[in-house]
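Enquirer: Residue numbering for the sequence shown follows my numbering, beginning at 151 and increasing consecutively.
Do not take every clue at face value.
Unchecked claim - Distance ranges between label pairs, derived from CB positions:
{"no.": "1", "residue 1": "437", "residue 2": "416", "range": "33 to 43 Å"}
{"no.": "2", "residue 1": "351", "residue 2": "464", "range": "18 to 28 Å"}
{"no.": "3", "residue 1": "293", "residue 2": "438", "range": "51 to 61 Å"}
{"no.": "4", "residue 1": "227", "residue 2": "166", "range": "29 to 39 Å"}
{"no.": "5", "residue 1": "398", "residue 2": "336", "range": "32 to 42 Å"}
{"no.": "6", "residue 1": "376", "residue 2": "227", "range": "32 to 42 Å"}
{"no.": "7", "residue 1": "369", "residue 2": "464", "range": "45 to 55 Å"}
{"no.": "8", "residue 1": "437", "residue 2": "398", "range": "15 to 25 Å"}
{"no.": "9", "residue 1": "352", "residue 2": "250", "range": "21 to 31 Å"}
{"no.": "10", "residue 1": "338", "residue 2": "416", "range": "58 to 68 Å"}
{"no.": "11", "residue 1": "445", "residue 2": "476", "range": "20 to 30 Å"}
{"no.": "12", "residue 1": "398", "residue 2": "352", "range": "37 to 47 Å"}
{"no.": "13", "residue 1": "369", "residue 2": "399", "range": "47 to 57 Å"}
Stated by the list, open to error - In the DSS-like style, the derived pairs of lysine-lysine whose C-alpha atoms are separated by at most 25 Å in a straight line are:
{"no.": "14", "residue 1": "199", "residue 2": "210"}
{"no.": "15", "residue 1": "458", "residue 2": "473"}
{"no.": "16", "residue 1": "381", "residue 2": "402"}
{"no.": "17", "residue 1": "402", "residue 2": "359"}
{"no.": "18", "residue 1": "200", "residue 2": "210"}
{"no.": "19", "residue 1": "381", "residue 2": "354"}
{"no.": "20", "residue 1": "199", "residue 2": "254"}
{"no.": "21", "residue 1": "255", "residue 2": "201"}
{"no.": "22", "residue 1": "482", "residue 2": "402"}
{"no.": "23", "residue 1": "379", "residue 2": "165"}
{"no.": "24", "residue 1": "402", "residue 2": "458"}
{"no.": "25", "residue 1": "482", "residue 2": "381"}
No wet-lab data here; the hints were simulated from the structure.
Even for Gly, the Cβ is constructed at its ideal location relative to N, Cα and C.
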Amino acid sequence: MYYHRDDADIQSTEKELQNSLERTYDLYLFHLLLIPELTRLHAEFLESKKKKRLATAEDKNPNLRMAENRLAAKIDSCRPLWIRAEENVLNWRNEEAFLRRLLKKVHASDLFARYMAQDAPDSFEADRQFWIEMMRDIVMPDEELAEVMEAVSVFWDNETQLIEKIETEDQPDIEDVEQSVQQAQAEGNYQIVPQDNAPTEIVKEFVLKTIRHIDAETDPESILIPIYKEKDDASFGVALLHQTIIHDAEYKQIIHDNLINWEVERIADMDMLIMQMAIAELLHFPNIPALVTINEYIELSKLFSTPKSGTFVNGLLDAVTKKFREQGKLLK
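Generate the whole structure from the sequences, applying the supplied hints.
Expert: Below, the structure written as structure tokens:
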């Protein structure tokens, strides 16, 4: 964003990064809120059946197992969850029609039928396992849920689960993209990669992790996974962004000086950004081992850049690291 917007500055770019991280955490909370909200809606559904003109005996004396699910009640009593939800306007009540359709999907599932069966175990563990499987297999894979998320926040846009990557000598004009894709496919320079590290995919894992760690004795106040595991994590992303931008010319020169049989103009934009970030991390974050840095940025290049980027980034960062050691620049 910084390099492609004429009006961008470091301060606004850092704020945008921080905002995107905060919104990703809100996405985690928004998913977690589905459990008490669907439970509430299910209880209301049972009450409405009681009031039917021709209510059956089953309508009048419903199975309350899901309505009284202990895991859902524990999450519902998590005050920090509702405080943050109110502060950031995380409200499923505006999506009542969607929730009703989702609840019908829950009711129609074999998982729901097994859970509600009278011979099924009745315990907190069973209540927790019900929501682990329900969220994992029924709720979170729902396509309409993804559409709702995208509509609520631009930071939650997960329209596609795949990244398509092509390697070309020059950046094609938009009108020529289809032709370039076909050419890249024919030459073996085209790749489709599962977007496993997209915000929504990461958040789903955190929701399931949260549920698995809740038991009957868990204090509702401590249910949520904190946005940052360590204190330094809160400043890491912003500091890395800052160092990468202010040393832009210096890091590009370092990359240029370590190229062998390659011109700097031919380096893919994403490869250049990734290598600049790696150099910033090597020089300014002494607590991160150099090998860890190199390996992490090789993986990033494989995911976000061209099919051959991993090998290219690996070779260049290895050469840069050796030179830094010779010059006494690495404090690790």
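Enquirer: All the hints need checking, so say for each whether the structure fits it.
Expert: Quick rundown of the hints versus the structure:
1. 437 x 416: 33 to 43 Å: holds, 34 Å
2. 351 x 464: 18 to 28 Å: holds, 25 Å
3. 293 x 438: 51 to 61 Å: Since the Cβ atoms of residue 293 and residue 438 sit about 39 Å apart, the hinted range of 51 to 61 Å is violated.
4. 227 x 166: 29 to 39 Å: At 35 Å between Cβs, range holds.
5. 398 x 336: 32 to 42 Å: Holds, at about 36 Å.
6. 376 x 227: 32 to 42 Å: Because 19 Å falls outside the window, the suggested range is violated.
7. 369 x 464: 45 to 55 Å: Roughly 46 Å apart at Cβ, these two residues keep to the hinted range, so it holds.
8. 437 x 398: 15 to 25 Å: Cβ of residue 437 to Cβ of residue 398: about 24 Å, so the range 15 to 25 Å holds.
9. 352 x 250: 21 to 31 Å: holds, 28 Å
10. 338 x 416: 58 to 68 Å: violated, 18 Å
11. 445 x 476: 20 to 30 Å: 21 Å Cβ-Cβ, so the 20 to 30 Å window holds.
12. 398 x 352: 37 to 47 Å: violated, 28 Å
13. 369 x 399: 47 to 57 Å: Given a distance of about 52 Å, which is inside 47 to 57 Å, the answer is holds.
14. 199 x 210: With Cα atoms ~7 Å apart, residue 199 and residue 210 stay inside 25 Å; holds.
15. 458 x 473: Judged against 25 Å, a Cα distance of about 24 Å means the pair holds.
16. 381 x 402: violated, 31 Å
17. 402 x 359: Answer violated: residue 402 to residue 359 is near 40 Å, above 25 Å.
18. 200 x 210: Within the cut-off at roughly 5 Å; holds.
19. 381 x 354: The hint holds at about 23 Å.
20. 199 x 254: holds, 14 Å
21. 255 x 201: Since the Cα atoms of residue 255 and residue 201 sit roughly 23 Å apart, the hinted pair holds (cutoff 25 Å).
22. 482 x 402: Holds - the C-alpha atoms of residue 402 and residue 482 are around 22 Å apart, at most 25 Å.
23. 379 x 165: Between residue 379 and residue 165 the Cα gap is close to 20 Å, so the pair holds against 25 Å.
24. 402 x 458: Answer holds: residue 402 to residue 458 is near 20 Å, not above 25 Å.
25. 482 x 381: holds, 21 Å
Checked against the numbered hints given earlier, the structure breaks hints 3, 6, 10, 12, 16, 17 and satisfies all the rest.
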